[in-house]
Structures are given as structure tokens and as C-alpha cells.
Amino acid sequence: MSVALSPGAQTPAVPDTVTPAPRSVLTPADSVLEAQTTALASELRCPVCQGLSIQDSPSELALDMRDVIREQLRSGKSPDDVRQYFLDKYGEWILLEPKPEGFNLLVYLLPVAALLAGAAVVWRTVRRFTAPVAAEPAVLPPNPDA
Amino acid sequence: MNWRRALYGVTAAVPVIVLLGYGLTRDPRAIVSPLPGKAAPDFALGVFAPGVGRTAMTVGDTARLSAHRGDVVVLNFWASWCLECRHEHEALSSVARAYADRGVRFYGLLYNDTPSAGLAWIEDMGGQSYPSLLDPRTRTAIDYGLYGVPETFFITRDGRVAYKHIGAITERLLVQKLDSLLADPPGGS
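Respectively, the protein sequence lines represent chains A and B.
When the first sequence is numbered by my numbering, its final residue is 146 and no position is left out of the sequence of numbers.
When the second sequence is numbered by my numbering, its final residue is 189 and no position is left out of the sequence of numbers.
Isolated chain A, as found in the complex (with noise of 0.2 Å):
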């Protein structure tokens, strides 16, 4: 690393002639890789955390995970087969999202239907309070006097 000194500055702790430590460069192929990594992490779920994907959490095992990820898109394999990979270990708990079919359908069904259903019960709520009264003729009570 080089030193930027002000005239008069004391010999500083590194000298000038060191190498500067190379800069890491991202190439278009390493954003690529790390987009993908990161698009990954999100869907999956952190093993040790509470409803945190392992991209969002920052312990150990998620470091880990990611770096699993990483290591197996750089080797060549597809987001499916790395995503496979962890259903194959974790099962589909692994997934922060779970698969829209058979049982897991009520986690998406169930909210659209509660909202359908808190509509409907508001629609009929405002419709009865706004609902013109019929004008219903007045009985009067029988006069005694005639």
C-alpha cells in the first residue's frame, strides 16, 4: 500500500517500495457468480436462525452455505442442481417459500380466502348500515275515544 506524505512527514511505517497489495477486481463472470450466489442464499432458509435466510443471516453456518453455493456454480452447476443439492440434505424445509402444491397450497390459498372472506362480511356490513329504510306505514294504536 502506498503512503501519501505531506512534505515534512516522518518516514512512514511502510515504505514506499513496498508492492501494493492487488486490488480484487471483479470481472463481469465473478458478478455474474455472485448475483447468482446471492439470489440462491435468499430462497434458502438459515438452518440456526428464526425465518432469516442464510443470505440475510450472518452466522457461521450461513457464511458456509454461501460459500457451498458459490464454490458449486463456480465448479459448473446449474442454480437448479445447487438448489437440489440442499433439498436433497435439508428437505423442502430448506426453502423459505415452499413449493405452491398439495398440502403446502393452504399457505397461499388460505390468506386470499381470509381476505375474500373479511370482504364479504364488510360488504355486507356497509350495505345493511347504507341500505335506504323502507317507509312502513304507522300503525296508530286504536283511539279510544271514537
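There's no promise every hint is true.
[As the list claims (entries may be wrong)] The list that follows gives simulated cross-link-like pairs (lysine-lysine, DSS-like), each with its CA atoms no further than 27 Å apart:
hint: 1; chain 1: A; residue 1: LYS99; chain 2: B; residue 2: LYS38
hint: 2; chain 1: A; residue 1: LYS99; chain 2: B; residue 2: LYS164
hint: 3; chain 1: B; residue 1: LYS38; chain 2: B; residue 2: LYS177
hint: 4; chain 1: B; residue 1: LYS164; chain 2: B; residue 2: LYS38
hint: 5; chain 1: A; residue 1: LYS77; chain 2: A; residue 2: LYS99
hint: 6; chain 1: B; residue 1: LYS177; chain 2: A; residue 2: LYS77
hint: 7; chain 1: B; residue 1: LYS164; chain 2: B; residue 2: LYS177
Hints were generated in silico from the structure; no laboratory data involved.
Using the hints, position chain B against chain A.
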């Protein structure tokens, strides 16, 4: 009518209550492993704690799962910071000793820990009868779908995962599972 409204309310509420009640009976941290019945992931890991007796290994040697075809293998993932690991240690060590002559191999796999802390823990616990291995960057733990410690895997003589136990294991369960696996001919279920 009021009774009709009440019926609608009950009809809507009962399934939700049943679903929530069912949820209360489930442990959200208990993950059903897809591994039982499948081939156990192979590993080649360095020994950092040698164990004692017949199954002892030299520190620095490499232990390979594939070298134990024909043996029943028990893999126990543990760590020195794991409280429950203390509760199962005696059972694991004594059963490993008792079954060493019966074609059963035990390995400890250190999870997310340092070998020095692991060795200090073993000494503190009065020793470990079987070798323990290092798992750099937890690759083997991930291969086994681990999400915490302790977890114990039983591997059949033909190299399939037979059973995964989450949490501290007891001597009774170890003996029961091992007797069952030893009674099975290789290739049996």
C-alpha cells in the same frame, strides 16, 4: 337469525383453531431429514482427538467413511459450547466401548469449534472412547443436513443413513438402534 350467525362463526373458527392447535403440537425446529434410506455422504476428515482402545486412531490421520463398509457407523456432531452434548457424552463413550468388538465404529465430528477447545472439553469430560474429527468449513455438517448440535447419525453396514437423532441421545436409544442395525443383514432395511 342469531343461531345461523353463530353457526357461520363456529364453522369459520373451528378449522383455524384446529390448525393452530396442530401447530402447537409441532416443534418448529424439528426438521424431517430426507437422508434416512439414502447413501451416507462420504467424508475424509482429519483426526484431532484419538480416542482409546481398539478403535483409537492417530492424531492427524484421515478417517474415511468409505473405509467402513461392513461396519455400522455412528456419527455424532458435537461442540465444546454445546450444553446438551455434555448430557450424552457418557452414553456415547460407554456404548462405543461396549460395541467396539461388534463391528460398530463411532466418530465424533467437531462442529463450528476449535480443536483446542474440543480437546479441552474432552479432557474435562474425562475422555472420549472414540476418535473425533475436524470438519473444516462445516462441509460435512452441511452434507448431512445439520442444523444444530448434538445430532447423531446411524449408518448401515452398506453405507446408508438409517436414522438421525436430534438432541442428546440416551444409552438406551443407542443400544436399541445398534442392536437393530446389527441384526439386519447387509443390504437389509
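How the hints compare with the structure:
1. LYS99/A with LYS38/B: Since the Cα atoms of LYS99/A and LYS38/B sit roughly 23 Å apart, the hinted pair holds (cutoff 27 Å).
2. LYS99/A with LYS164/B: 25 Å, holds
3. LYS38/B with LYS177/B: 17 Å, holds
4. LYS164/B with LYS38/B: Holds - the C-alpha atoms of LYS38/B and LYS164/B are around 12 Å apart, at most 27 Å.
5. LYS77/A with LYS99/A: 22 Å, holds
6. LYS177/B with LYS77/A: 37 Å, violated
7. LYS164/B with LYS177/B: 11 Å, holds
Of the numbered hints stated above, the single one contradicted by the structure is hint 6.
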